[in-house]
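Engineer: Assemble the whole structure, with the sequences as input and the hints as a guide.
Protein chains: 2
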Amino acid sequence: MKINGNYANIQQSYLFSTVAAKVKQYSQEHPQADIIKLGIGDVTLPLCSAVCDAMHAAVDEMGVQETFKGYGPEQGYGFLKEALVSYYAGKGVTLMPDEIFISDGAKSDLGNILDLFDRDNTVLVPDPVYPVYVDTNIMDGRRIIFADANESNGFLPMPDKDTDADIIYICSPNNPTGAVYNKQQLKAWVDYALARQALILFDAAYEAFISGDLPTSIYQIEGAQECAIEFCSFSKTAGFTGTRCGYTVVPAGLERGGMKLNKMWLRRQTTKFNGVPYIVQKGAAAVFSPEGQKQIRQNIAYYKNNAQVIARTMRELGIWFTGGENSPYIWLKCPGGMKSWDFFDYLLEKANVVGTPGSGFGKNGECFFRLTAFGDAGRTLEATERIKKLIKNDFRG
Amino acid sequence: MKINGNYANIQQSYLFSTVAAKVKQYSQEHPQADIIKLGIGDVTLPLCSAVCDAMHAAVDEMGVQETFKGYGPEQGYGFLKEALVSYYAGKGVTLMPDEIFISDGAKSDLGNILDLFDRDNTVLVPDPVYPVYVDTNIMDGRRIIFADANESNGFLPMPDKDTDADIIYICSPNNPTGAVYNKQQLKAWVDYALARQALILFDAAYEAFISGDLPTSIYQIEGAQECAIEFCSFSKTAGFTGTRCGYTVVPAGLERGGMKLNKMWLRRQTTKFNGVPYIVQKGAAAVFSPEGQKQIRQNIAYYKNNAQVIARTMRELGIWFTGGENSPYIWLKCPGGMKSWDFFDYLLEKANVVGTPGSGFGKNGECFFRLTAFGDAGRTLEATERIKKLIKNDFRG
Numbered sequence: 315m316k317i318n319g320n321y322a323n324i325q326q327s328y329l330f331s332t333v334a335a336k337v338k339q340y341s342q343e344h345p346q347a348d349i350i351k352l353g354i355g356d357v358t359l360p361l362c363s364a365v366c367d368a369m370h371a372a373v374d375e376m377g378v379q380e381t382f383k384g385y386g387p388e389q390g391y392g393f394l395k396e397a398l399v400s401y402y403a404g405k406g407v408t409l410m411p412d413e414i415f416i417s418d419g420a421k422s423d424l425g426n427i428l429d430l431f432d433r434d435n436t437v438l439v440p441d442p443v444y445p446v447y448v449d450t451n452i453m454d455g456r457r458i459i460f461a462d463a464n465e466s467n468g469f470l471p472m473p474d475k476d477t478d479a480d481i482i483y484i485c486s487p488n489n490p491t492g493a494v495y496n497k498q499q500l501k502a503w504v505d506y507a508l509a510r511q512a513l514i515l516f517d518a519a520y521e522a523f524i525s526g527d528l529p530t531s532i533y534q535i536e537g538a539q540e541c542a543i544e545f546c547s548f549s550k551t552a553g554f555t556g557t558r559c560g561y562t563v564v565p566a567g568l569e570r571g572g573m574k575l576n577k578m579w580l581r582r583q584t585t586k587f588n589g590v591p592y593i594v595q596k597g598a599a600a601v602f603s604p605e606g607q608k609q610i611r612q613n614i615a616y617y618k619n620n621a622q623v624i625a626r627t628m629r630e631l632g633i634w635f636t637g638g639e640n641s642p643y644i645w646l647k648c649p650g651g652m653k654s655w656d657f658f659d660y661l662l663e664k665a666n667v668v669g670t671p672g673s674g675f676g677k678n679g680e681c682f683f684r685l686t687a688f689g690d691a692g693r694t695l696e697a698t699e700r701i702k703k704l705i706k707n708d709f710r711g
Numbered sequence: 315m316k317i318n319g320n321y322a323n324i325q326q327s328y329l330f331s332t333v334a335a336k337v338k339q340y341s342q343e344h345p346q347a348d349i350i351k352l353g354i355g356d357v358t359l360p361l362c363s364a365v366c367d368a369m370h371a372a373v374d375e376m377g378v379q380e381t382f383k384g385y386g387p388e389q390g391y392g393f394l395k396e397a398l399v400s401y402y403a404g405k406g407v408t409l410m411p412d413e414i415f416i417s418d419g420a421k422s423d424l425g426n427i428l429d430l431f432d433r434d435n436t437v438l439v440p441d442p443v444y445p446v447y448v449d450t451n452i453m454d455g456r457r458i459i460f461a462d463a464n465e466s467n468g469f470l471p472m473p474d475k476d477t478d479a480d481i482i483y484i485c486s487p488n489n490p491t492g493a494v495y496n497k498q499q500l501k502a503w504v505d506y507a508l509a510r511q512a513l514i515l516f517d518a519a520y521e522a523f524i525s526g527d528l529p530t531s532i533y534q535i536e537g538a539q540e541c542a543i544e545f546c547s548f549s550k551t552a553g554f555t556g557t558r559c560g561y562t563v564v565p566a567g568l569e570r571g572g573m574k575l576n577k578m579w580l581r582r583q584t585t586k587f588n589g590v591p592y593i594v595q596k597g598a599a600a601v602f603s604p605e606g607q608k609q610i611r612q613n614i615a616y617y618k619n620n621a622q623v624i625a626r627t628m629r630e631l632g633i634w635f636t637g638g639e640n641s642p643y644i645w646l647k648c649p650g651g652m653k654s655w656d657f658f659d660y661l662l663e664k665a666n667v668v669g670t671p672g673s674g675f676g677k678n679g680e681c682f683f684r685l686t687a688f689g690d691a692g693r694t695l696e697a698t699e700r701i702k703k704l705i706k707n708d709f710r711g
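Protein chains in written order, with the numbering used here: chain Z, 315 to 711; chain E, 315 to 711.
By construction, these hints were calculated from the structure, which means they are not laboratory data. Honestly, I wouldn't trust all of these hints.
Same chains, same names: a pair is fine if it fits in one copy or spans any two.
To be verified - Straight-line C-alpha distance at most 20 Å; calculated SDA-like pairs for lysine to any residue:
hint: 1; residue 1: K351; residue 2: E663
hint: 2; residue 1: K316; residue 2: R433
hint: 3; residue 1: K316; residue 2: R456
hint: 4; residue 1: K351; residue 2: Q622
hint: 5; residue 1: K316; residue 2: E569
hint: 6; residue 1: K316; residue 2: R510
hint: 7; residue 1: K316; residue 2: Y506
hint: 8; residue 1: K383; residue 2: T358
hint: 9; residue 1: K316; residue 2: D454
hint: 10; residue 1: K316; residue 2: G571
hint: 11; residue 1: K316; residue 2: G455
Bear in mind the structure is a predicted one, so any value in this text is a computation, not a measurement.
Structural biologist: In C-alpha cells:
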C-alpha cells in the first residue's frame, strides 16, 4: 500500500498555536493583565433571529413524517439556489440555478475543486495568503509559484505576462491583507487567464464587506464566465462559521480540455458529497429574506465600524496599512521596521493587545501585522486607545 | 490547464434515473395504478424527538452571544466523540477520542480518504457493490479489481491469497445484498490485509441493523486496528440522511509507508474541511442519550419488521435471498431465471411494485433484485401480498 507521499512535504503551520502559547504564557506570568484579542479570525456576533427562526421551523419539519426530508440534492435545494440567483442578479450577474453548488463551506470546495485538475499544472498563489491554497496543492504535488504582494503594489499583485500559470488564486477582499481589487485590476487578471486558457479560482468569502463600486463577484468582469470559478460562504456574511454553508459557482460554459467543468464538479459532488443539512439550507435561505438582510447588514456594519476604528488609529499614527474599509482585516506595517513576531511581543507586553504576525502568511508578510474587526466594539476601541498611546510614546513622541 | 482526464472514464449510472423514468411512464399510462415503492434507499421515519429537542436547544444557543459557537474543531466536538467512545466501548472496542473524526457523512469520507493514498495502488471491490467505491477510484485513476459475490458464497466473497490488493473495500451489512460477515470471515480478511500490509476500508453504515452475535465493527476483530479504517454514519441509524452526520475511525497506531494515517487524515480534514454544524453535532449526540437510544431503536425495529415481512414472503415462495435479518435490504434471485430488468418490468406491470434491478450494482447482480424495508409498514405488507399472489400464480402454481 503506497501512501500519498506529498503529505510529507506539507509544512506544519505553527502560527495560531504559537500565538495561543505566547498569550497563555504571558497571562500566567501576568494574571492581572487585561488582554484584548484582535487576532481572532472568527465571527463573534450570534446568528440573527431570521436565521434562527428558519432553523427552528426546519427542525420541526424534520420531526414530522409528512414534512421530513431525507437525502436532498447533493448540489443543494432549489429554494437556496434560487435565492442566490436573485442575489447575483442584484450584482448585475446572471446565473442559472445549475451553475450554483451549495456546500458546507468555501474551505471544503477550495480544496475539493482540485480533484478536477491534473497534477501537472502550475499554480499561482499570492504571497501573503490564506495557507489553504498552498497546502491543498502540496497535497497533490502541484508546482506552486507566488505572485508577490507588497507595499509597492498595495498588496494587490497584477499579472505578469512572462509568468506561466495554469491555475490562479485570487482572494478579494483579501485574507490576510484586506486589500480589494477594483474592476480594472480584475479585468487584467481575467484577460491574462483567457489569453493562456488558465483558470481563476476566485475566493469571495469577504464580498459582503464591500461598499461602493468595487467588484463583489468576478463575474462582474467581462469574460470571467469563460475562465473563473467563484467560491463564497455564509461564514463571514451571516456568522455561519459554526453553522457551515457556502456555495461555488461553476459557469455552464466553462470548458477546459474539452470537458465542461460544471459537469465535472457535479459528478465530483454527487459522488463524494451528500449535500448540506436541510436545516442549515433553510437558515441560509433566510439570510436573503428582507428581515434577514436587514439583520446581517447590521452585524456587518458593526464589524466594519470596528475596522474603521482601527483604521483611523493607524492613520492618526501615520502607520501604512491596507484593508479596514471593505474588509474586516487591517494589515499594517510594523512601526520602526520591527519584524512581525517582535511587534507581536511588543504589543502583547506593552499594550496587552493580541494580533497576528504577518510573517505567518508568507515571506512577504514579514514586518507586517494583521488586526481583525470581529471583536467587541468597546474592547476594540479600548485596544486602539492603548496602541495609540504606546506607539505615540515610543515612535512618534 | 490540464484537467483530470480520469473523469472521462467514469460511467454514468442510469440505474435510479431509469427506474424513475419507467415508473413515471407506467403511471402516466395507468393513472389508476396504486404503485408501491420498495426500491427506496432512503429513510422515511422522521427524526426522533430527542434529536429534535437537542437541535432546537442548539439553535437557541447559536442565537445568543454568550453561547454562540463559531468555528468548531474540524474533527468534531469532544462531546460527540466521547459519546462515540462509549458507544464503541459497548461493542467491546476501546477507542481514544482522537481516533474518531466527525464528518458530514460516510459518503464524503469514503471518497475523501483516497486523498491519502497514492494512485499506484490496486483496489479490491466486491461485485455487486455501492457504486461510490468504484467511481471514486476511477476519478483517481487507480487499478480496480473485483471480488465476486454470488449465490455460492452467499454474496460474501472471501480473500483469495493469490489476489494482490492494496486497498480493500468491505461493506457489512452489505448494500445492496444485505449479507453480513461473521467474525471468522472478517478475521480472514484482517489476516489477509495484515499479511500483505494492505488496508481495509470498512463501511459500517448499516451496523445498527445487526442483532445477535455478528460483528458491528471491524475493530471487534483482532488485528484490525493495524489494518483498517472504519466509516459509519447516523443516516440509517437515526434517520440523518438529510441532516448529515457521520464518523470515521482511524486508529492511532495505523501506519503505512512510515506515516501515521491518523495524522494524515487529521491534516487532510483540517486543511480541506471545517467541521459539521454545531447544531447537527448536538442532534447526533442526543442519539446516545437513553431517550434517544430508545427512540432510534424503535425506528430500526420498524424497518426491521418490514424486512422480515419481505423475507418471510421470499421464504414462503421458495425464492433464494440474502439480507432481511440484519439489514434493511432483501437481495433476491429473480424467479424463473429472469433477468433483473425483466423482473423489474414484470413486478411493476403485474403487481405495481417497484424495486431495484440488481444488475445496476455490478455484473454479478444480474438476475438479482433488491427490495428495501424503508417504506410504510402497511404498504410493505400490501406489496408482499401482491408479490406472493403473482409469483405463486406464475411460478409456483
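Engineer: Give a verdict on every hint.
Structural biologist: Hints, verified against the model:
1. In this assembly of identical chains, K351 and E663 lie within 20 Å of each other by CA distance solely inside one copy; the values are 13 Å within and 69 Å between copies.
2. Both within a single protomer and between protomers do K316 and R433 lie at most 20 Å apart by alpha-carbon distance, with minima of 17 Å and 8 Å respectively.
3. In the homo-oligomer, the alpha carbons of K316 and R456 lie at most 20 Å apart both inside one protomer (19 Å) and across protomers (12 Å), since each shortest distance falls under that limit.
4. Taking the shortest alpha-carbon separations for K351 and Q622, only the intra-copy value of 17 Å comes in at or below 20 Å, while the best inter-copy value is 60 Å.
5. Taking the shortest alpha-carbon separations for K316 and E569, only the inter-copy value of 11 Å comes in at or below 20 Å, while the best intra-copy value is 33 Å.
6. Taking the closest pair of Cα atoms, K316 and R510 come within 20 Å of each other only across two copies (12 Å); inside a single copy the shortest separation is 35 Å, beyond that limit.
7. For a Cα distance limit of 20 Å, the shortest separation of K316 from Y506 across copies, 17 Å, qualifies, whereas the shortest one inside one copy, 39 Å, does not.
8. Proximity of K383 and T358 under a CA criterion of 20 Å is satisfied inter-copy only: 8 Å between copies versus 31 Å inside one chain copy.
9. Taking identical chains as interchangeable, the C-alpha atoms of K316 and D454 lie at most 20 Å apart whether they share a chain (14 Å) or sit on different chains (14 Å).
10. Proximity of K316 and G571 under a CA criterion of 20 Å is satisfied inter-copy only: 6 Å between copies versus 29 Å inside one chain copy.
11. For the identical chains of this complex, K316 and G455 are neighbours both inside a copy (15 Å) and across copies (14 Å), given an alpha-carbon limit of 20 Å.
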